[in-house]
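Read off the chains here:
Protein chains: 6
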Amino acid sequence: MPTIFFYGPKLEKDKKKELIKSFTESASRATGLPEQAFVIYLREADKEDVGVGGELLSEKIR
Amino acid sequence: MPTIFFYGPKLEKDKKKELIKSFTESASRATGLPEQAFVIYLREADKEDVGVGGELLSEKIR
Amino acid sequence: MPTIFFYGPKLEKDKKKELIKSFTESASRATGLPEQAFVIYLREADKEDVGVGGELLSEKIR
Amino acid sequence: MPTIFFYGPKLEKDKKKELIKSFTESASRATGLPEQAFVIYLREADKEDVGVGGELLSEKIR
Amino acid sequence: MPTIFFYGPKLEKDKKKELIKSFTESASRATGLPEQAFVIYLREADKEDVGVGGELLSEKIR
Amino acid sequence: MPTIFFYGPKLEKDKKKELIKSFTESASRATGLPEQAFVIYLREADKEDVGVGGELLSEKIR
Numbered sequence: 001m002p003t004i005f006f007y008g009p010k011l012e013k014d015k016k017k018e019l020i021k022s023f024t025e026s027a028s029r030a031t032g033l034p035e036q037a038f039v040i041y042l043r044e045a046d047k048e049d050v051g052v053g054g055e056l057l058s059e060k061i062r
Numbered sequence: 001m002p003t004i005f006f007y008g009p010k011l012e013k014d015k016k017k018e019l020i021k022s023f024t025e026s027a028s029r030a031t032g033l034p035e036q037a038f039v040i041y042l043r044e045a046d047k048e049d050v051g052v053g054g055e056l057l058s059e060k061i062r
Numbered sequence: 001m002p003t004i005f006f007y008g009p010k011l012e013k014d015k016k017k018e019l020i021k022s023f024t025e026s027a028s029r030a031t032g033l034p035e036q037a038f039v040i041y042l043r044e045a046d047k048e049d050v051g052v053g054g055e056l057l058s059e060k061i062r
Numbered sequence: 001m002p003t004i005f006f007y008g009p010k011l012e013k014d015k016k017k018e019l020i021k022s023f024t025e026s027a028s029r030a031t032g033l034p035e036q037a038f039v040i041y042l043r044e045a046d047k048e049d050v051g052v053g054g055e056l057l058s059e060k061i062r
Numbered sequence: 001m002p003t004i005f006f007y008g009p010k011l012e013k014d015k016k017k018e019l020i021k022s023f024t025e026s027a028s029r030a031t032g033l034p035e036q037a038f039v040i041y042l043r044e045a046d047k048e049d050v051g052v053g054g055e056l057l058s059e060k061i062r
Numbered sequence: 001m002p003t004i005f006f007y008g009p010k011l012e013k014d015k016k017k018e019l020i021k022s023f024t025e026s027a028s029r030a031t032g033l034p035e036q037a038f039v040i041y042l043r044e045a046d047k048e049d050v051g052v053g054g055e056l057l058s059e060k061i062r
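Protein chains in written order, with our numbering: chain A, 1 to 62; chain B, 1 to 62; chain C, 1 to 62; chain D, 1 to 62; chain E, 1 to 62; chain F, 1 to 62.
By construction, these hints were calculated from the structure, which means they are not laboratory data. Please note: incorrect hints may appear among the correct ones.
Straight-line C-alpha distance at most 25 Å; calculated BS3-like pairs for lysine-lysine [what the hints assert, rightly or not]:
#1 E:LYS21 / D:LYS13
#2 E:LYS60 / E:LYS47
#3 F:LYS10 / A:LYS21
#4 A:LYS10 / B:LYS13
#5 E:LYS47 / C:LYS47
#6 A:LYS10 / D:LYS17
Construct the complete structure from the given sequences, taking the supplied hints into account.
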């Protein structure tokens, strides 16, 4: 505990590592809990499966 | 904000669009918030990875 | 199964009922599954606990 | 209702069935609700998409 | 990692402890991972905020 | 889109603002998406409702 979920686009490995590192550092600073306590789930959300403003994201971003 | 998650079977593209449109319209009406504010995630759940009443859904529905 | 989560503002009881009814009808139509199969969780998200564009929502909406 | 989510490694079919059965039995016992009421989602989380202690899990477990 | 979410009724403390213990034991057995690795979130869902079959659960269960 | 969920301890307002700001900056940098696109939900998890290693967190941390 704590646990963080990121629902967003597919990321390259280096960007995943960058995001996990910076999320963990920020969350550790804000909570005062050790970095070891944090689990982060990167949950890919394809534009074909996301709606924004009532439309499929894949159709809003050609 | 707000954000909606739909955990369910795989949908064809036209059904995804239908669901995103109707969810957004209903939620906008119920909250009074503009449709633009709504994000919807369609999270596919395969019958092989869902349990209902203690059994794998794939084994309940032959 | 399927299951729907709505993360959004506090709703009055009549609006909750309206949202649950319309979400269930739309989802049943889109999936072809009976309305009885659908579970919906309304998860209240207070403006003090939501960030949009890097700011607390409660500070964006005075 | 109730609904359980398991975010974890990929499981073989027999292990999925074992987990669904035991989760449902425990939850039914603890809540007093019939097993039929429980829906369980097994959400696979690949080591490439999970961070623990600020690092990618795939890089912590060679 | 892994992480389990339980969305359900309010539980007494002894039932929470029972559920956490049994979920952890089952999940450790099924995954082969040590019990220490498991985090479980009990997320209370009030009948006023849950829909089943298109109706508020609080109105289905008098 | 994207959307981030933080399940963790109750935070003071200044810490919430700090976490939202830093999460948004990191995620914008890693994805290349504008900060305006990000929604963050801070979901408080009380030690009475969290299990770690098979025990209630409130009983592990006196």
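Verification of the supplied hints:
With a C-alpha separation of about 23 Å, the suggested pair E:LYS21 and D:LYS13 falls inside the 25 Å cut-off, and the hint holds. Distance restraint check for E:LYS60 and E:LYS47: the Cα-Cα separation of roughly 9 Å lies within the 25 Å cut-off, and the hinted pair is therefore satisfied. As the CA atoms of F:LYS10 and A:LYS21 are separated by approximately 22 Å, the hinted pair is consistent with the 25 Å bound. A distance of roughly 20 Å separates the Cα atoms of A:LYS10 and B:LYS13; the hinted pair therefore holds under the 25 Å criterion.
Straight-line distance between C-alpha atoms of E:LYS47 and C:LYS47 comes to about 23 Å, which keeps the hinted pair within the 25 Å bound. This hinted pair does not check out: A:LYS10 and D:LYS17 have alpha carbons roughly 30 Å apart, beyond 25 Å.
In the structure shown, a violation is registered for the earlier hint numbered 6 alone.
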